[in-house]
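Chains as they are written, first to last, in this note's numbering: chain A, 1 to 255; chain B, 256 to 510; chain C, 511 to 765; chain D, 766 to 1020; chain E, 1021 to 1275; chain F, 1276 to 1530.
Bear in mind the hints are in silico, worked out from the structure with no lab data behind them.
Treat the hints with care, as some may be off.
[Said to hold, decoys possible] With a Cα cut of at most 30 Å, we get these calculated DSBU-like pairs of lysine-lysine:
| # | chain 1 | residue 1 | chain 2 | residue 2 |
| --- | --- | --- | --- | --- |
| 1 | D | K772 | F | K1457 |
| 2 | D | K1020 | C | K517 |
| 3 | E | K1275 | F | K1282 |
| 4 | C | K714 | D | K772 |
| 5 | A | K255 | B | K459 |
| 6 | A | K7 | B | K510 |
[Claimed, not checked] Derived coverage of chain B by chain D (criterion: at least 3 residues anywhere in the stretch with Cβ under 8 Å from a Cβ of chain D; other residues may be distant):
| # | segment |
| --- | --- |
| 7 | 304-312 |
| 8 | 321-328 |
| 9 | 332-346 |
| 10 | 357-371 |
Here a beta-carbon is modelled for each residue, glycine too, at the ideal position from N, C-alpha and C.
Protein chains: 6
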Amino acid sequence: MRPNRLKHLWQENRTAINAWLTIPSAWTAEVIAHTGYDSLTLDLQHGLADYATALAMLQAISTTDVVPLARVPWNEPAMIMRLLDAGAYGLICPMVNTRAEAEAFVGACRYAPAGYRSYGPTRAVLYAGDDYAAHANAEVLTLAMIETAQALKNVDDIAATPGLDGVYIGPADLGLSLGLPKLADFTNPNLLRALDTILEATAKHNLIPGIHAGTPENAILLAERGFRLVTPATDTALLRAGAEAALTQTRRGVK
Amino acid sequence: MRPNRLKHLWQENRTAINAWLTIPSAWTAEVIAHTGYDSLTLDLQHGLADYATALAMLQAISTTDVVPLARVPWNEPAMIMRLLDAGAYGLICPMVNTRAEAEAFVGACRYAPAGYRSYGPTRAVLYAGDDYAAHANAEVLTLAMIETAQALKNVDDIAATPGLDGVYIGPADLGLSLGLPKLADFTNPNLLRALDTILEATAKHNLIPGIHAGTPENAILLAERGFRLVTPATDTALLRAGAEAALTQTRRGVK
Amino acid sequence: MRPNRLKHLWQENRTAINAWLTIPSAWTAEVIAHTGYDSLTLDLQHGLADYATALAMLQAISTTDVVPLARVPWNEPAMIMRLLDAGAYGLICPMVNTRAEAEAFVGACRYAPAGYRSYGPTRAVLYAGDDYAAHANAEVLTLAMIETAQALKNVDDIAATPGLDGVYIGPADLGLSLGLPKLADFTNPNLLRALDTILEATAKHNLIPGIHAGTPENAILLAERGFRLVTPATDTALLRAGAEAALTQTRRGVK
Amino acid sequence: MRPNRLKHLWQENRTAINAWLTIPSAWTAEVIAHTGYDSLTLDLQHGLADYATALAMLQAISTTDVVPLARVPWNEPAMIMRLLDAGAYGLICPMVNTRAEAEAFVGACRYAPAGYRSYGPTRAVLYAGDDYAAHANAEVLTLAMIETAQALKNVDDIAATPGLDGVYIGPADLGLSLGLPKLADFTNPNLLRALDTILEATAKHNLIPGIHAGTPENAILLAERGFRLVTPATDTALLRAGAEAALTQTRRGVK
Amino acid sequence: MRPNRLKHLWQENRTAINAWLTIPSAWTAEVIAHTGYDSLTLDLQHGLADYATALAMLQAISTTDVVPLARVPWNEPAMIMRLLDAGAYGLICPMVNTRAEAEAFVGACRYAPAGYRSYGPTRAVLYAGDDYAAHANAEVLTLAMIETAQALKNVDDIAATPGLDGVYIGPADLGLSLGLPKLADFTNPNLLRALDTILEATAKHNLIPGIHAGTPENAILLAERGFRLVTPATDTALLRAGAEAALTQTRRGVK
Amino acid sequence: MRPNRLKHLWQENRTAINAWLTIPSAWTAEVIAHTGYDSLTLDLQHGLADYATALAMLQAISTTDVVPLARVPWNEPAMIMRLLDAGAYGLICPMVNTRAEAEAFVGACRYAPAGYRSYGPTRAVLYAGDDYAAHANAEVLTLAMIETAQALKNVDDIAATPGLDGVYIGPADLGLSLGLPKLADFTNPNLLRALDTILEATAKHNLIPGIHAGTPENAILLAERGFRLVTPATDTALLRAGAEAALTQTRRGVK
């Protein structure tokens, strides 16, 4: 089976740099795949792709050796299993607030006896190799999102879930849930305290801590703080910012 | 009929700032439409959208009052008429090398007796109003691309075509055709001389001169030189550059 | 944030006239959006659009100021949140039979602390404005369908759900569940009695009562009875009836 | 090969009633196919479907025995041949103004030695039967549009084209080209005179005369005048009119 | 209502031969529909089609009288009801492990009072006839997948579920769950014993036993063993095997 | 620039084995790409893919190192250039009957001064590398179809076209044009004589001779005869044959 390069990278104690895909387009996915991120995450929750487009995006990403991840829209087995069958090498599950929810998520990603994933890796065998089924439980990443006060309270219990590979923090939702005044404000000490609590839990249970950083600056600071999967860039935001900057600069220069 | 805001803007002697859409996606079109360019051009020649996606992109752009333009893949009446029926308010036609080609292009854009456009503005009446047919010949822009040595030679003849509203320069193809060493090199005196020849022809025939500038810096210089429609930004290039910059910055900061 | 025009209309004590979209097409959505209904509802339950098409339809509707609503296929957070992120200004949830189901539905539509909606209004910020998150809980409508005997029994409890804005009656399912002989027969006294029970509950809890009327005649009678959101028209039915009428008339006239 | 039911109907001296499809949707095509028209015409010129959607629409129509026709966007072999390969049983070609253009059109529809259609009826063999190639030249209809002053002048010459089965009149374009004040005004004596000229040519050359009638009333009058293929209905127009009528009636009845 | 031909075939004590569709394409569905299987099953679990493509595939299959079935991705009412509304004449539900799950599945497929299916058979009425609602509970097939050790233990209880028409065995998942060394190995006595247990339960409760056979050889053996719905062929596997065989044969013959 | 592996293979005097893609699906393209053919040809003439699907198929093929070719629907610059910009590494052009047509085709594939291809290799630079423009004229294959009596007569003249890399024979159309009784009958001496004439012309002008063989048996015989690009397999035919064979075998074995 094609090995999961993120795992290898983490074994070398490096930090994975991930880009976030919300544009429902195989073309933009292919463009970004060629820029050299360690992984790309298809966001099927707040991004605009659905399964059919995600499948096309996974094909486009597979023209490179960038690791394809996906965030599922919710903790439900149907889409979890479909994305894995389509060749995603890791899933990020939103709103995992309890141990039971974490177990349901992980179970949906693992073949028996480790879980209850149904067999039928239709595209995964093309991408990964014909021995996919034998190795998928070991290579496919499961990342639970910690993004509510409840999840924060339960984080140690969640982190102890067998088969869970890491957590991924949604700082906007976590801040909303904690009642913080601004979204994803990494200067807020309450948010930072929450991050440290999560980092401790992941360290204790030997999980990979990941986080939605939003900018390169934040990604660097968060990697220094201990995160091993950081997302400095989202496609829609990059495009909007680039278009606005080009317009502003041009508008200033022409009458 | 909804007036063509580019015409109004030029009557005030201002320069229109245009963005170029090569991503086949209604979502990215809608995002850029909200940033405030004067017009957006759907590129059906070198861009990746086909007619069906272009239709969706025109709908997405129509959520704003940005003027929708399109570049057709070739000087052929089928796609020219279909894009106008879909609500494009102006067309850019590649590789117009002779007066006859210019007349064929303009004729396909104009209802009789000015041309041979077939009647059936299916979506255009929704976008423009039920009186579309009465005013379309006056409001819809026709821009012929001057991008070969042959076209340069014929530019005065082309510019005299009745019903032609402007020209649009493709500097990469023009440079290729002129045998210049680098693509779209605006420091090359031969290219600049060619641009001036074209500017003279458009001034003489009271046409709008437009050009693919590629960057804000070039757009500003070219507007100063006399161009009234400049394109400083292309979606794919913006996205790729943004993704690369975020990655490079992050990579430098994390181990 | 762009205000929800339905709310304004109800504050003036007027009745909203809604059309129902079951054709999976951004084009037909755009056509109907231009006819002037107060709102359009994308039906993702019995209609044929899925999320990707719904997104395109929301873009098409946004070329007008008609309020975009959607009926979700089921009371599940994934699609509820995705449609809100895509810019729907109100959701109709089928088969809400208990207070707990009503709370689950409303919670999925509201950001913390009012609910558990996850943050990421990707398209909604384009449509509504950058201050969307601050006002969405107040502007986005939540309408629970009362369409079973169980729901009818629980209607007062359901109507008391905090954050619920209104109910929407599915008369066909309600009749099926009550064992009535004909579907959506508004002359059946048992159905009318059920409607009155629901109207009382909505009046008591200050909710908007809405109903699937099916025809203009029924919509008028139901508005007189007290409903404030009525649906006299469904796209597929309009098209089928129009095509049949034109054929019948022509067939009679030609040999 | 599945016989062309239009031919049979004309042999019985009946008039075919045709509906016009401009909505790019297999669903609306299937709905209308079930209402019982003799034929449906996919409009790839002013309608919004492109080839991919047309293919899906042809599949949807094939769930009934309604005859599938298509209008091509222009007199070009690529799309002509592709639509025939996809199973269209007849084509309407716009803007056929000369004998040479008529011959080019017919030739693209006929296998050698009658024409230059390339062999490869990929879907047509499923729809029509494995003996398609042997009979296609006889069963597939070729209808040239007469819709300009030039075509009117050349109509006798055009009608004499070997292999041409009929003509189809576009009254809006014909009126535009003749300089008539209103579009498709069947009370205008100049338009009626033109129609009679065309009817004479088709009678002389034993061709089927067809026409875009627009309404059942006009279809009946035109059938009486001699047309054997009449189009009283267009999907977008039916939908728009139906939606407007339902809204107007409801608006009048509710406050 | 169009009768369900599978039911008729079973009444004659014949075995239905089913093909499995995992390619997300209306074209391949139409091709296979024309080859003459008794039924085709759209696999929305491990196959690559989503709802929108499934709808197009159902239309394509409806060009023949082959019975359209679908496997839903999970035991969830949203997709179950949508596929039935789209015209599926039977559903296969994965991972039905308990009587309660079987009841939830069957209930979602049946109108009240037999179940809780919501009324709105948008496409089904076109395919099946306007009396669909009156007969759907009797004609639409419900097949629960028995594919875990837990389901095997509960099979008698599951088989007794009112309204359940049959079971369908997923031998790969069943083998995984039983800890068998090879996937879908029909020579394994433990697997065969499990099949016999299931056959006994279906015989006792007068249900149709179905199974994923994978090859014609296995289909024949399993039909002899007692199965009445066998699947010898999957589209992707057929295509891959055919392409490999043609390549291998050619490669051997050319230098 | 990524080298064209077909060229390398021919330099070693080997024969390329090509598969033909008529199914409009990125999934089936990816499946076949993984089986190991030397090249795959997307058929946009008689196949069912249009440009948008072809783009997705090119992405899917690019997950392997199989060489992507395409057959254009007709000898027209728009689609020729768009497919090259999308990353096709060679084009097959139907119905090239004269030297002028061959020159028009080749010119559309070559940048100035060798031709008139317009610059804008949007996706090609991702697939091939940023130096694509400098090497494309040398790496991109141009194959003219010889498939009419006229082309056969002109074959020496066509083969002498500067920049032409090879010819590709369509035996069905060639047979039709020559008036042969059966399609693609490689036992017909007239057809074989025509093939030899073409082989002589390609040998004389140092072109690659290619042919649509249809079966492995024919591919082997034709390779022995001298063809260097043979197509033994078409996806739709493989799928249909595989489905029919599995059904027939199963039907024989079950009652």
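**OP:** Mind checking the alpha carbons of E/K1275 and F/K1282 for me, to see if they're no more than 30 Å apart?
**Re:** This hinted pair holds, its Cα atoms lying about 16 Å apart.
Original post:
How does the coverage statement for the segment 332-346 of chain B fare against chain D, requiring three or more residues with Cβ below 8 Å from a Cβ of that chain?
Top reply: With 7 residues closer than 8 Å to chain D, the segment 332-346 of chain B meets the three-residue bar; holds.
Original post:
Are D/K772 and F/K1457 close enough, with their CA atoms no more than 30 Å apart?
Top reply: holds, 28 Å
**OP:** Take a quick look at whether C/K714 and D/K772 sit within 30 Å of each other, Cα to Cα.
**Re:** violated, 66 Å
Original post:
Are 3 or more residues of the segment 304-312 of chain B near chain D, judged by a Cβ distance of less than 8 Å?
Top reply: holds (count 4)
**OP:** Given the hint that A/K255 pairs with B/K459, test it: the Cα-Cα distance must not exceed 30 Å.
**Re:** holds, 22 Å
Original post:
Is the straight-line distance between the alpha-carbon of D/K1020 and that of C/K517 30 Å or less?
Top reply: Since the Cα atoms of D/K1020 and C/K517 sit roughly 16 Å apart, the hinted pair holds (cutoff 30 Å).
Original post:
Against chain D, does the segment 321-328 of chain B show at least 3 residues with beta-carbon separation below 8 Å?
Top reply: violated (count 0)
Original post:
Counting residues of the segment 357-371 of chain B with a beta carbon closer than 8 Å to any beta carbon of chain D, are there 3 or more?
Top reply: With 4 residues in contact (Cβ-Cβ under 8 Å with chain D), the coverage given for the segment 357-371 of chain B holds.
**OP:** Mind checking the alpha carbons of A/K7 and B/K510 for me, to see if they're no more than 30 Å apart?
**Re:** holds, 15 Å
Checked against the numbered hints given earlier, the structure breaks hints 4, 8 and satisfies all the rest.
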